[in-house]
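The task is simple: from the sequences and hints, build the whole structure.
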Amino acid sequence: MTITDSPPRAGVRPVRRRRSSDRGFNRAFRWISHGAGITILVVLAAVALFLLWQAWPAITAGGEQLATSVPRFPADTSLLAYVGPLVFGTLLAAVLALCLAVPVAIGIALFISHYAPRRLAQLLGYLVDLLAAIPSVVYGLWGFLVLAPVLTPFWLWLNENLSWVPLYGGQASTTGRAMATVGVVLAVMILPIITAVSREVFLQTPKLHEEAALALGATRWEVVRTAVLPFGRSGVISAAMLGLGRALGETMAVLMILSPGFSYSLDILAAGQHQTIAAYIAADFPESTGLGINTLIATGLALFVITLAVNMTARWIVSRRKEFSGAN
Amino acid sequence: MSAVTGTNATDSSARTRALLTAADPGRRRTDRIMQGLIWFAFAIAMVPLAWLLWTVTVEGVGRMSIDFLSLSMRNIFGGDPGGGIYHAVMGTLIITGIAALISVPVGILTAIYLVEYGKGWLARSVTFFVDVMTGIPSIVAGLFAFSLFALFLGPSVRMGIVGAVALSVLMIPVVVRSCEEMLKLVPNELREAAYALGVPKWLTIVKVVLRTSVAGLTTGVLLAVARVIGETAPLLVTVGVTDSINLNPFEGRMMTLPVFTYRQYQQGYAPCPAGESATCVADIAFQNAWGAALVLIVIVLTLNLLGRLVNRWFSPKLR
Amino acid sequence: MNLSRFTRAGSAVAVGVLALSLAACGSDPEPADSASGDGAAESTETDSGEEMASLAGQLSGGGASSQEAAMNAWRAGFQQANPDATINYDPVGSGGGRTGFGDGSYKFAGSDAALDDEELAAAEAQCGEGGVIEFPGYVSPVAVAFNLDGIDSLNMQPETIAGIFLGEITSWDDEAIAADNPDADLPGTAITVVHRSDESGTTENFEEYLHVAAPDVWTAEPSGVWPVDGQESAQGNSGVVGAVQAGQGTITYADASQVAELGTVAVGVGDEFVEYSAEAAAEVVAQSPRTEGTSDFVYTIELERDIPGTYPIALVSYSLACTTYADEATAELVRGFLTYLVSEEGQQAAADAAGSAPLSDTIRQAILPGIESISAG
Chain A
1 MTITDSPPRA GVRPVRRRRS SDRGFNRAFR WISHGAGITI LVVLAAVALF LLWQAWPAIT
61 AGGEQLATSV PRFPADTSLL AYVGPLVFGT LLAAVLALCL AVPVAIGIAL FISHYAPRRL
121 AQLLGYLVDL LAAIPSVVYG LWGFLVLAPV LTPFWLWLNE NLSWVPLYGG QASTTGRAMA
181 TVGVVLAVMI LPIITAVSRE VFLQTPKLHE EAALALGATR WEVVRTAVLP FGRSGVISAA
241 MLGLGRALGE TMAVLMILSP GFSYSLDILA AGQHQTIAAY IAADFPESTG LGINTLIATG
301 LALFVITLAV NMTARWIVSR RKEFSGAN
Chain B
1 MSAVTGTNAT DSSARTRALL TAADPGRRRT DRIMQGLIWF AFAIAMVPLA WLLWTVTVEG
61 VGRMSIDFLS LSMRNIFGGD PGGGIYHAVM GTLIITGIAA LISVPVGILT AIYLVEYGKG
121 WLARSVTFFV DVMTGIPSIV AGLFAFSLFA LFLGPSVRMG IVGAVALSVL MIPVVVRSCE
181 EMLKLVPNEL REAAYALGVP KWLTIVKVVL RTSVAGLTTG VLLAVARVIG ETAPLLVTVG
241 VTDSINLNPF EGRMMTLPVF TYRQYQQGYA PCPAGESATC VADIAFQNAW GAALVLIVIV
301 LTLNLLGRLV NRWFSPKLR
Chain C
1 MNLSRFTRAG SAVAVGVLAL SLAACGSDPE PADSASGDGA AESTETDSGE EMASLAGQLS
61 GGGASSQEAA MNAWRAGFQQ ANPDATINYD PVGSGGGRTG FGDGSYKFAG SDAALDDEEL
121 AAAEAQCGEG GVIEFPGYVS PVAVAFNLDG IDSLNMQPET IAGIFLGEIT SWDDEAIAAD
181 NPDADLPGTA ITVVHRSDES GTTENFEEYL HVAAPDVWTA EPSGVWPVDG QESAQGNSGV
241 VGAVQAGQGT ITYADASQVA ELGTVAVGVG DEFVEYSAEA AAEVVAQSPR TEGTSDFVYT
301 IELERDIPGT YPIALVSYSL ACTTYADEAT AELVRGFLTY LVSEEGQQAA ADAAGSAPLS
361 DTIRQAILPG IESISAG
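Going down the list, the protein sequences come from chains A, B and C. Take the first sequence: its position 202, counting from 1, is numbered 202 in our numbering, and each next residue is one higher. Take the second sequence: its position 216, counting from 1, is numbered 216 in our numbering, and each next residue is one higher. Take the third sequence: its position 248, counting from 1, is numbered 248 in our numbering, and each next residue is one higher.
Errors might be hidden in some of the hints.
[Unchecked claim] So the derived label-pair ranges between C-beta atoms look like this: (1) A:S163 <-> C:D173: 43 to 51 Å; (2) A:R27 <-> B:V214: 23 to 31 Å; (3) A:W316 <-> B:V214: 43 to 51 Å; (4) C:R364 <-> B:V47: 52 to 60 Å; (5) B:V47 <-> C:P187: 43 to 51 Å; (6) B:V214 <-> A:W56: 42 to 50 Å; (7) A:L162 <-> B:W51: 19 to 27 Å; (8) A:P153 <-> C:D216: 52 to 60 Å.
[To be verified] Here chain B is said to cover these stretches of chain A; the calculated rule only asks that three of the stretch's residues, wherever they fall, bring their Cβ under 8 Å from a Cβ of chain B: (9) 24-33; (10) 130-140; (11) 154-168; (12) 196-208; (13) 211-218.
Keep in mind the hints are simulated off the structure, nothing from the lab. Beta carbons are placed, not taken as given, at the ideal position from N, Cα and C, and that holds for glycine.
Structure representation (structure tokens):
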């Protein structure tokens, strides 16, 4: 690894650096960066407290009380049973999107970092980033008006010929406004985030490792498998987590594409079976009042808890595989 | 190279040597197949991109004109094909700009804290809760900002700054996560070299760590901006909607491009007398929506391009 | 090296400054634009400015999104007559509008449902001594629209409509449909019902109609939420219409101005079938009785769904305001705006822009005294 120009230059003029104020600067800088970290905790605590405070009336109210003041609330159920299908729908959408997106994203990242012609690589990376530049409203418009009608025949075919696969059962939607379409759109939306982070990590693979593998006669794929992928594993996991975070909270695209419903169905081709928490809040918030809003925020709290659980799992996975970093 | 890297390298070379004993044609075939798959993955990603951009361009380009870019929608209604998106463009630039002003310093400083100083329970909890924060649904962030300002200014508060705060809540964790990843990739040797030369820690961070990772930091910030510039739901509850020009983020409603797009889409068809007419276009709202979407995408692309140019000029070459 | 770094920094700053100044350039048309929108408003009438003394200031209201298209026309008309006034309307939904009106964040509001007693009490507490003004400012037919190749119109009895939307009638060549349409060439396509996925006044109104007109079939109590599970649905009027256009054999209910080129249902009222029209919807409102026992300024109606010759599925959306406001400027703006809203000119503007049904003279005369009494107190 070549050394950059900056550190030597930093050492060229050492006289200016040996002032006593350096100690003060050091301390000030440390406190400022500590302060930034603490700010984040404070903001998050404020959001969490606000969620809890606003959700509390709905949590403490009985099912009967909720049923009378929230139009969508069925008569004989509890808040937990009410939120259940929403949680299920949210997870289903996010997992579907992640399953579709991660393999493709790793492929793209490898393509840009190790396969594409050197000169084109940067331009191609830029192309993928463009996907992140497209606002979710536009994904919604496109998914609803353009993509869904195109995918419908394919979904119908899957439903007809492969209905023994649990996911493809049920009565397929004739307008394509089902979970499967949402999964595809969400996958496209989280692709650039996963790709961008993985790509940066793959690019940082120590040249020595790659050259060593090449010198041992490895093919390009073997270089990737033995040097690049192990090095980038934690980066890829963290990239996938970022993607998952976006997929879990994505509102507008789901809102505009999905035919919502409240059930624990695995039939991703059927309409009116699933709904995600974020889209549910956005759809019902305008017409809700009083306890209705509290109920919506309680579901928002559930989403919060899901992310917490997902992140704890991810953290556990990362900690099991010793994380590599230049700074450890 | 640190100890961990060393063992890693030995590991992989051992594995590589093991691989080399395998049969040759099989290895070549795998290599070919994987190469094909990787090219295919890239092609797959380009399909929706090209398709989307094509749709937005074809549908949106018809609305492009000087008027569309420099007029607001004041006094435009029904199928009237006049008016434009100037108010929404300025709203988006102002609100996103303020959000970036809030989140980038906080985000980068937090990332510095985590990578350079972070030890003990505080660092662990910051890392953890930044992860949690990425999962805040955008509408909840909007509700939070709204109720925060409503506490002081009453429930009728609708200002650009409230939306900017909501966007910051969404933007900060993205900035932290990507910047943290980038700072971690700065080789330790650089830091150690600077310390050995007697450079104090803060100066090492500013002059060595930040300078080395500036390219990655820019990418991180750009991705964060791209993440929030298209947000609709939080702005709808915090900033409201207007069809007149308002450049003051501290007073009155503002329009933004994504909200404009969504509102126009929601308006749907305008009832027009049968037949072609110059003053009444039935699907004008959809045309406006696509046009605004096109402009929004172009703005983000321009920002990206600018960021990349700065990035190319300033980043030191690591290899 | 150092010099070149400064040059680079300089050029980066220059590019930024250039971009900002380009953006600032766009503000040039603003005066012309905010003065009277003359660059953009060639097509709208501009000769209505003399009726009233020009008002100034900003007024914000919010509520039912169903009123949005009409509200755009009203705001534009009023702002053209009063170039210094700006009226904003947040289409947050009826519930949001009622809440906002109750806590004072909206000076006026639109709602697809009349205030209930509790909300009325909150609103009166907010408004002070004069109390609340409530009147049906926006009436619009709700069309039952479908997408079937080659069929523009079908006759249906309320029971048939209820059966279809419940999912009991599943095919377009069902006997119940065929019986009322002997001449139509009905295909055997399966019926796909599309309903509103968000809570909405349109849904509540449509359910109420089915509940009243076909009580034996449609037993669910009307609410803003669709009671049947597992059907297709979409967000907003434009969403359901888009979904219906995307599929074959699809059917939905939506604000009549939105149905574009879809086929529509002529609804059975008594022995005849009535196609939707603004006039037929205006008629049902004009002939329905006013709610009794309310204060003078609260004009709500009890919609009757079986008056012959009228179109029974009419969405009646109310406008809400106070009779007293804290300051004179707000009171004048509200008074001026609402006067324009109910005027023949205003109602016609809404009819042109949103396909709504203009208010009858009788109702206008009943409402106007309330609006004229708005004052600062």
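Against the structure, the hints:
Taking the beta carbon of each, A:S163 and C:D173 are about 26 Å apart, not inside 43 to 51 Å as hinted. Checked against the hint of 23 to 31 Å, the C-beta distance between A:R27 and B:V214 comes to roughly 25 Å, which is consistent with it. Take A:W316 and B:V214: their Cβ atoms lie about 33 Å apart, and the range 43 to 51 Å is violated. Judged by the Cβ atoms, the range 52 to 60 Å given for C:R364 and B:V47 holds: they are separated by roughly 57 Å.
Separation of B:V47 from C:P187 is about 34 Å and departs from the stated range, judged on CB atoms against 43 to 51 Å. Separation of B:V214 from A:W56 is about 45 Å and conforms to the stated range, judged on CB atoms against 42 to 50 Å. Remark: the range hint 19 to 27 Å for A:L162 to B:W51 is upheld by a beta-carbon distance near 25 Å. As the Cβ distance of A:P153 to C:D216 is approximately 39 Å, the hint placing it in 52 to 60 Å is violated.
Note: the stretch 24-33 of chain A has 7 residues with beta-carbon separation from chain B under 8 Å; the three-residue rule is met and the coverage holds. For a cut-off of 8 Å, the count of residues in the stretch 130-140 of chain A with a CB near a CB of chain B stands at 10, and the three-residue condition holds. Against chain B, the stretch 154-168 of chain A contributes 0 residues with a C-beta closer than 8 Å to a partner C-beta. That does not satisfy the three-residue criterion, and the hint is violated. Residues of the stretch 196-208 of chain A with a Cβ under 8 Å from some Cβ of chain B number 8, which satisfies the need for three, so the listed coverage holds.
Evaluation of the coverage hint for the stretch 211-218 of chain A: fulfilled, as 5 residues show C-beta separations to chain B shorter than 8 Å, against a requirement of three.
Against the hints set out earlier in the document, violations occur for numbers 1, 3, 5, 8 and 11.
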